[in-house]
Amino acid sequence: MKLTSYARTLHELNILKDQGYTEIILEPKSLSRFGKLSQEEFITLSNRSKELGLRVLLEWDILMTEDIFLTKINDIKGLVPFADALRVQDPGALHWSIVNTDKPLQFIAENGNHNLKALQGWIDLAEEKLERLILSIELSNTAIAEYVQKLSVPCELLGFGRILLFYTPRPLLSALVPEKVAHNQELAALGESEESPHKGFPLVENQHGTFMFHIKEFCLVEFAAELKEMGLAYFRIDQRWESPSKLSEISQLVKEFDRPAFETLKQDYSQDLMRGFYHVNKTDVLFAKLKNSRLQKREGDYVGEVLEVEKGSHLAILVKNPQGLKTTDLLKILHPKGAIFETKIYSLKNLSLEDVSSVPAGEVAMIQFVGGVWVKSQVFYQHELS
Amino acid sequence: MNKPIIMPEVLAPAGSLDKLKVAILYGANAVYVGGQKFGLRTAAENFTLDELREGMSFAHERGAKVYVVLNSFLHDKDLAELPDFVRFLEDVGADAVIVSDLGVVQSVRELSKIPIHISTQASALNVHSAHLWKKAGASRIVLGREVSVKEAGKIKREAGIEIEMFIHGSMCMAYSGHCVISNFTQGRDSNRGGCAHSCRFEYSLEGLDTLEKKKAYFMSSKDLEGLRVLPSFIEEEIDSLKIEGRMKSHLYAGTMAKVYSEALKFYAEHGHFLSDDLLKWEEELGKVSHRTYTQASLVDKAGADSIFNERENSSEGEWQMVGPVIEANPKAGIVLEVRNAFNQGDELEILPFIGDVIKVHASEIMDLSMKALTRTKPSTLVRIPYVEGVKSMQLIRQKVKA
Chain H
3 MKLTSYARTL HELNILKDQG YTEIILEPKS LSRFGKLSQE EFITLSNRSK
53 ELGLRVLLEW DILMTEDIFL TKINDIKGLV PFADALRVQD PGALHWSIVN
103 TDKPLQFIAE NGNHNLKALQ GWIDLAEEKL ERLILSIELS NTAIAEYVQK
153 LSVPCELLGF GRILLFYTPR PLLSALVPEK VAHNQELAAL GESEESPHKG
203 FPLVENQHGT FMFHIKEFCL VEFAAELKEM GLAYFRIDQR WESPSKLSEI
253 SQLVKEFDRP AFETLKQDYS QDLMRGFYHV NKTDVLFAKL KNSRLQKREG
303 DYVGEVLEVE KGSHLAILVK NPQGLKTTDL LKILHPKGAI FETKIYSLKN
353 LSLEDVSSVP AGEVAMIQFV GGVWVKSQVF YQHELS
Chain Z
8 MNKPIIMPEV LAPAGSLDKL KVAILYGANA VYVGGQKFGL RTAAENFTLD
58 ELREGMSFAH ERGAKVYVVL NSFLHDKDLA ELPDFVRFLE DVGADAVIVS
108 DLGVVQSVRE LSKIPIHIST QASALNVHSA HLWKKAGASR IVLGREVSVK
158 EAGKIKREAG IEIEMFIHGS MCMAYSGHCV ISNFTQGRDS NRGGCAHSCR
208 FEYSLEGLDT LEKKKAYFMS SKDLEGLRVL PSFIEEEIDS LKIEGRMKSH
258 LYAGTMAKVY SEALKFYAEH GHFLSDDLLK WEEELGKVSH RTYTQASLVD
308 KAGADSIFNE RENSSEGEWQ MVGPVIEANP KAGIVLEVRN AFNQGDELEI
358 LPFIGDVIKV HASEIMDLSM KALTRTKPST LVRIPYVEGV KSMQLIRQKV
408 KA
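The listed protein sequences derive, respectively, from chains H and Z. Read in order, the letters of the first sequence correspond to residues 3 to 388 in the numbering used here. Read in order, the letters of the second sequence correspond to residues 8 to 409 in the numbering used here.
The shape of chain H in the complex, shown without the other chains (with noise of 0.2 Å):
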């Protein structure tokens, strides 16, 4: 397993030569979201990679809306030569990328593609042109462990770094101080809801847009081992919201864990440190609760919905069943709370109060009033009273 991360000085270069690394993530402003690197100094920084052996990954992850991807293309162009490989997510990106080059792809799949067919169809559109997918931080490690055994190129996953909760290309923060905010100036704040429990999301606005962070940084340090064996082919640092020195440290014990220097580096770094569904994803275990299935159940047998209860004298029930409902119907009743009433119909009206034998689907049926019973009980056909 490789380490993969950025670098926007020399010093940051050489750092990452010192480490190990045989390869180095460049970001050019106007194409990467976080970009600090002018055309110039992209190229200045390519060369010397080049000089020390590093390859050099071009990042052009920003997502672009028609017209400003065209304002791009004279950019990328002009870098593409200095780049060994570029990294892409927006799929017009790659798209472009697979017409207009030759250059070895990287798609960053870390926006959904939480399943082995996506990603493989990502690389099966990419023409044999990709030759590493990023993997996504919600996956779980029986998730990695298959993809990195499955997909037919190699894989990485960020080992380290910032987590990205939400990306908008509109300016939140300049707007909350239009008087003191130049055009295109970078903006830096925390923030922190009443509604959540979690204080201190660090937000950032530049060129590209607004981007908010999670409180705490995403860390498999003490398991780099473990995707090692399971083959994951790149193991990505991301500090740059951090001082170089933390980049040594921690590049250090990916390839060399040690727990009494993992624990010193947790207690001196900026931020909290998370594993976030490393070891399980469960993100969809409470969407149960989120609805009452006593409501929810409508199959089968379903006659319709309870819509008024009239004490003493009657129910309204909306009949839904295309078989309508007739005066030989035994029916089952289902309240939202659960409990369950049976009854045969002793007596039947339609809203005109005529006695009537059947109330087609789509009208409303006057039954009997059942003790029990509630607004929004769910009425089934029962074949048999029990």
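Read the hints as simulated data drawn from the structure, not as lab findings. It cannot be assumed that every hint is accurate.
Only some residues are given here: those of chain H computed to face chain Z with a beta carbon under 10 Å [claimed, not checked]: (1) F168; (2) T170; (3) G202; (4) G364; (5) V375; (6) V377.
Where a beta carbon is used, it is the ideal one built from N, C-alpha and C, also for glycine.
Here the structure of chain H is known, so what remains is to put chain Z in place on it, guided by the hints.
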């Protein structure tokens, strides 16, 4: 010879079978619906298999289409459950599925011939992205809400693919599909239907101003409203105009379908929108509960003025739904299901499927047993005097009392 005007379809949200019927009766050319799984509105009522079958029949009998959302970012275990549902959808005649995950695109292609529409959740924003999704098998793209109508027209022409755009409703502030706040802070996957709407919270921001913290709903977007942009949509030959809101009310579904379909019908007949009716349609859009409206990025890129920056419950809307008409005939009167109470003597408005609002004075109210009432209560059925032309499933509204 003049080029014929190609009118876009009005695509309305249908969170339930009743809402599907309401939207179609009020003029929607197509609706989008969700089954019990695979969509992004887990808390919505959604459709059972029987309801999907019935909804397709109801729509197709009236010349309308039904698109089914499968736009979650599925995990492997979810994907394993997909084949039976896709085969069912093909059997019942779904007109398209709306998908954001490439794994789902591929599964649908392997299992069926149902047309695939790429969801806005995939944030397809440019010509090259459209080319790639077309290559993957898509027949239509629902563009990200960051794309202008002009850009959309270019994407359609150059990629040669159907284009759908949102014209109305709530908006994610983030690029759709690129927000995982709920996932990491509440353990609910926003891209599988568990969005907790953290972007609507008030946040205290530190660092922007050295003197004091700023409090703001800075991530909350105003609602999209594109009525006055309709000529551009038509000029750019956008195929489908989508109204957001499967979780929203019957009144919302009906009003939106009615306003946008009537506006497009006017354009088809007159070739312009130069009419007093424009003000009437805008007034109608204002009568449904909403955040402050914005055209967002439909014309120019959304800027600071597209931020709502207000508490959620301060949503505008001075009118509320009284209830749907359950039955209407001279014998039974107008029987309505009371959702919000009203009193004897109140002025009500009945929204006909086509044409101007019918104003009704609730001079007399009776319960189902014909007992006179002076006031109503929610979750009951009541009768008001019959008015010619009123039909079952029409919606009744009332101005909210001060």
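Verification of the supplied hints:
Evaluation of the H:F168 hint against chain Z yields a held restraint, the C-beta minimum of about 5 Å falling below 10 Å. This hint holds: H:T170 has a C-beta 5 Å from the nearest C-beta of chain Z, less than the 10 Å allowed. The criterion of a C-beta within 10 Å of any C-beta in chain Z is met by H:G202, whose closest approach is roughly 8 Å, and the hint holds. The restraint placing H:G364 at the interface with chain Z holds, with a minimum CB-CB distance near 7 Å, inside the 10 Å limit.
Because the beta carbon of H:V375 sits about 12 Å from the nearest beta carbon in chain Z, more than 10 Å, this interface hint is broken. Annotation: H:V377 was flagged as interfacial toward chain Z, and the flag holds, the nearest CB pair being 4 Å apart, inside 10 Å.
Hint compliance for this structure: hint 5 alone is broken.
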